[in-house]
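Using the sequences and the hints, build the whole thing.
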Amino acid sequence: MRLAARMPFRFEVVIVKAMLKAYQRAQHMVLANRFHAVFHIS
1 MRLAARMPFR
11 FEVVIVKAML
21 KAYQRAQHMV
31 LANRFHAVFH
41 IS
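Heads up: the sequence shown runs through residues 1 to 42, numbered per my numbering.
In case anyone wonders, no lab produced these hints; they're calculated from the structure.
Hints are all accurate, no fakes.
Pairwise CB distance ranges, derived in the manner of DEER restraints: (1) His40 <-> Phe11: 38 to 46 Å; (2) Met19 <-> His40: 30 to 38 Å; (3) His40 <-> Ala18: 28 to 36 Å; (4) Val30 <-> Arg10: 26 to 34 Å; (5) Arg10 <-> Asn33: 28 to 36 Å.
All C-beta atoms in this analysis are idealised placements derived from N, C-alpha and C, irrespective of residue type, glycine included.
Here's what the structure looks like:
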């Protein structure tokens with residue numbers, strides 16, 4: 001029973017970690033795009 005109770009919790013943690021990684025990657029891409037835009041303008 002305890003193992004079954006822990007499974008959803010671990011699954012949620014994995015999802016949260018994946019979402020954080022995706023968010024960080026998206027943020028990095030946005031920053032890179034802004035940097036390139038500024039570089040091209042200047």
